[in-house]
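Just so you know, the sequences run in chain order A and B. Going by the working numbering, 445 is the number at position 445 of the first sequence; the sequence numbering is gapless. Add 497 to the 1-based position in the second sequence for the working numbering, that's all there is to it.
No lab work stands behind these hints: they were computed from the structure. A few of these clues could be false.
Unchecked claim - The list that follows gives simulated cross-link-like pairs (lysine-lysine, BS3-like), each with its CA atoms no further than 25 Å apart:
hint	chain 1	residue 1	chain 2	residue 2
1	B	Lys624	A	Lys386
2	A	Lys492	B	Lys563
3	A	Lys428	B	Lys563
4	B	Lys624	A	Lys233
Claimed, not checked - Quick list of the computed label-pair ranges, beta carbon to beta carbon:
hint	chain 1	residue 1	chain 2	residue 2	range
5	A	Gly320	B	Leu601	40 to 50 Å
6	A	Pro47	B	Leu650	19 to 29 Å
7	B	Ser573	A	Leu369	47 to 57 Å
The beta carbon of each residue, even a glycine, is placed where N, CA and C say it ideally should be.
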Amino acid sequence: MSNILLGLKYVMQWQSLLMLGVGVLWGTVGGMIPGINATIAMALLLPFTWGMDPVVAIMLLAGVYCGGEYGGSIPAVLIGAPGTNAAACTVFDGYALHRKGETGKALYASLFSSVFGGMVGAVALMFIAIPLSSVALAFGPAEYFALAAMGLTLVCSLGEDNVLKGIWAGLFGMLLSTIGFDPFAGCPRLTFDVLSLSDGLKMIPLMMGLFALTEVFNQSMSGTVGDTAEHKKIDLTVPGLADLKKWLPWGTLCAALGVLIGAMPGAGATVASFLAYSFVKKSSKDPDSFGKGNPLGVVAPESANNAVTGGAMVPLLALGIPGSNSTAIMLGAFMIHNVTPGPMLFVDKPEIPYSIFTALFVANILMLLAGYICIRFAVRIANIPKSALLAVIVALVFTGSYAYSGEIFDIQVVLICGIVGIFMKKGKLPHAATVLGFVLGFIMEANLRRALIVSKGSYLGVFTNSKISTVLCLIAAASVLWSLFAPLVRRKKAATA
Amino acid sequence: MFKRNDWIFGLVAILVGAVALFGIQELADVQSMDPAGPTALPRILAWGMIGIGAIHIIAALLLRLKENKGEGTTFSLRAFRPVALIVACGCVFIAALPYLGYPLSMPPLIAAVMVIVGERRAPRIIKTSLLTTAVLFAIFYWGLNVSLPLGFLEELI
Chain A
1 MSNILLGLKY VMQWQSLLML GVGVLWGTVG GMIPGINATI AMALLLPFTW
51 GMDPVVAIML LAGVYCGGEY GGSIPAVLIG APGTNAAACT VFDGYALHRK
101 GETGKALYAS LFSSVFGGMV GAVALMFIAI PLSSVALAFG PAEYFALAAM
151 GLTLVCSLGE DNVLKGIWAG LFGMLLSTIG FDPFAGCPRL TFDVLSLSDG
201 LKMIPLMMGL FALTEVFNQS MSGTVGDTAE HKKIDLTVPG LADLKKWLPW
251 GTLCAALGVL IGAMPGAGAT VASFLAYSFV KKSSKDPDSF GKGNPLGVVA
301 PESANNAVTG GAMVPLLALG IPGSNSTAIM LGAFMIHNVT PGPMLFVDKP
351 EIPYSIFTAL FVANILMLLA GYICIRFAVR IANIPKSALL AVIVALVFTG
401 SYAYSGEIFD IQVVLICGIV GIFMKKGKLP HAATVLGFVL GFIMEANLRR
451 ALIVSKGSYL GVFTNSKIST VLCLIAAASV LWSLFAPLVR RKKAATA
Chain B
498 MFKRNDWIFG LVAILVGAVA LFGIQELADV QSMDPAGPTA LPRILAWGMI
548 GIGAIHIIAA LLLRLKENKG EGTTFSLRAF RPVALIVACG CVFIAALPYL
598 GYPLSMPPLI AAVMVIVGER RAPRIIKTSL LTTAVLFAIF YWGLNVSLPL
648 GFLEELI
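Chain B extracted, bound-state conformation:
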């Protein structure tokens, strides 16, 4: 059931629980119409998560003490490179969206994701990014009346 490096999960689990407990600290004095109040459930959940985290840390340490070479989940930071790059592109897209607008921000995002996942054929990248943006814009903006951000294009239109 437990793995040698479950201590990583255990630490994260405790951290999440601790953040939740910290977050509800200031609500301790809040009056509520119900007897449980706003902090009861988050507190129970947080302690539950901390408890499960602690169990995993102890179990992983015990396994290590026993020098049990049980299998563990291995993380290679290098493998996360494409994820980090896509996230970075997403952040740039989010930052650019209000200014450049949807029609101009989306094609570079699509193109970047395609390049990150290994696509090298420029015509395919250009075609996919422009076509997808056009189709999505048409469906959401005109078809479903969603006011997608237009950025500086709004003034031009």
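So here's chain A without its partners, still in its complex pose:
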């Protein structure tokens, strides 16, 4: 407790609060811009931290980290283009809510759940950082594989009335994730001699094409939109207590999941948001409403991906291992200021880890304000004429995808993904399954192959050598079977009724 008070003392200094506020605002704005995620927003600020006090510098970056994870959800709701990878899941229900005229509900559900998730992450970090790090270390390749497999079972329920189409779209996403240099054999795979494909497809252009450009294409096909008067009043009603009460249990569960996923090196916010979405959709009494504007479809991914910020600090601070790109930047900041993270940091310089714990908590409170300001500003986007909006989205996704890698090839990828996306939409193939397959495909394959090396080639060994992987694989198998047979059971019940 005395250490937490020590951290609080550092955070409550005006320089720290100012830097936290600046960091949160910068992160939120950065997250809102497609192509700029929390990691890039942090990297851009890193040089400015050289002259700062180490604690203040780390607080600035912690603020950016929190804001960045949240900011991506704003364009996801307003234009259907996620600002960050982790906000991809928010598009499904957030954008649907916006189109239904419930923009306020979507935006504030995202803000409140992000703040709540971030706070849960910060509290978890304060009290269970050390035990959590040991849980994270219990996850080896077999467990990661099983976890990814469990997340992938969501594709079965995304195909609406045709489960097989959902599975196909998921397999397609996984196939896309295998493009590029093979991580083990070191040979190019499915590149068809295109040099730019050697590094594989990047997430940002893929998502921009499948979500944003597809939406532009879809709206352009729906007739002339140039004269549409879009100056309608955007509903920005703050959700009431009844809504918050409904969301709280799910938000808590998803935030806990986010903390756990965040603590595992290599998993990250995107995986956490997809797993949380999958979990809530499967556990819901009304799974069919997901993807059509269910606020829980916003609450789940947003609380999970912001809770990751706390979880991701666990391996960094307790073990000195950066588990994600953002925490790697944080490690860079530590090194610049001659701070060595790891167990001894808690003994030698307790003010640093405990300031970070407290700073994350305060940053999430400041995020309420930053989010409110950004929502008020960003909502004007939805009021511009549709023809201009569609053109601006095209410009934004092209610029954002170029900015991410500096390669014109990525603009081509956006364009191709847009074409693929519109045909998928017309053929009723869920994009979400493709993105999910792409995100989890690489994790699944890399860890399966690592696990096979450990189990000396025994596939059965991968599933049975560890209790965690056995349980997770069984849940995944049960989930697939349920998804395949549940529609038949429902149809039979309806027929008998």
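Once you have looked at the hints, place chain B on chain A.
Chain B in isolation, oriented as in the chain A frame:
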């Protein structure tokens, strides 16, 4: 679950799977430190996709044989005209970007997209295309230090 014209999806699904199988053909002899090798997952995925495609073709044919007039997804090629035009504009933009640079390539793209989606008011088109380009250029080039292509303008600057 299945529709009469799902055979189109089935054919595409088989085609994608076949392309993947063709793509990994030359990797068959590659040695890898793991027992699965680089071709295992793509092969499983490709066969899975081919299998799902085949199921859809068979199901669609069965529906047609039964003369079931079940609903199908209808495609009107004419409806895809704006998509084709936007894609064409995108291709021109990509081709022009290295030579004309971002500040000169982006306004025509924005203007073209606006015209394609039905905007006819010239002042609005000009204002939106120039303003959006200027704002995006300022944010990315100066604000975020992204080296956007400048084309021949680079020599002038």
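Cross-check of the supplied hints:
Of the pairs offered as hints, the one joining lysine 624 of chain B and lysine 386 of chain A holds, with about 15 Å between alpha carbons and a cut-off of 25 Å not exceeded. Distance hint between lysine 492 of chain A and lysine 563 of chain B is fulfilled; the C-alpha atoms sit about 22 Å from each other, no more than 25 Å. Between the alpha carbons of lysine 428 of chain A and lysine 563 of chain B the distance comes to roughly 23 Å, so the proposed pair stays at or under 25 Å and holds. Note on lysine 624 of chain B and lysine 233 of chain A: the hinted pairing holds, with a Cα-Cα distance of about 24 Å set against a maximum of 25 Å.
Distance hint check for glycine 320 of chain A and leucine 601 of chain B: the Cβ-Cβ separation is about 49 Å, which falls inside the suggested range of 40 to 50 Å. Taking the beta carbon of each, proline 47 of chain A and leucine 650 of chain B are about 27 Å apart, inside 19 to 29 Å as hinted. As the Cβ distance of serine 573 of chain B to leucine 369 of chain A is approximately 49 Å, the hint placing it in 47 to 57 Å holds.
Every hint, counting from the list given before, is met by this structure.
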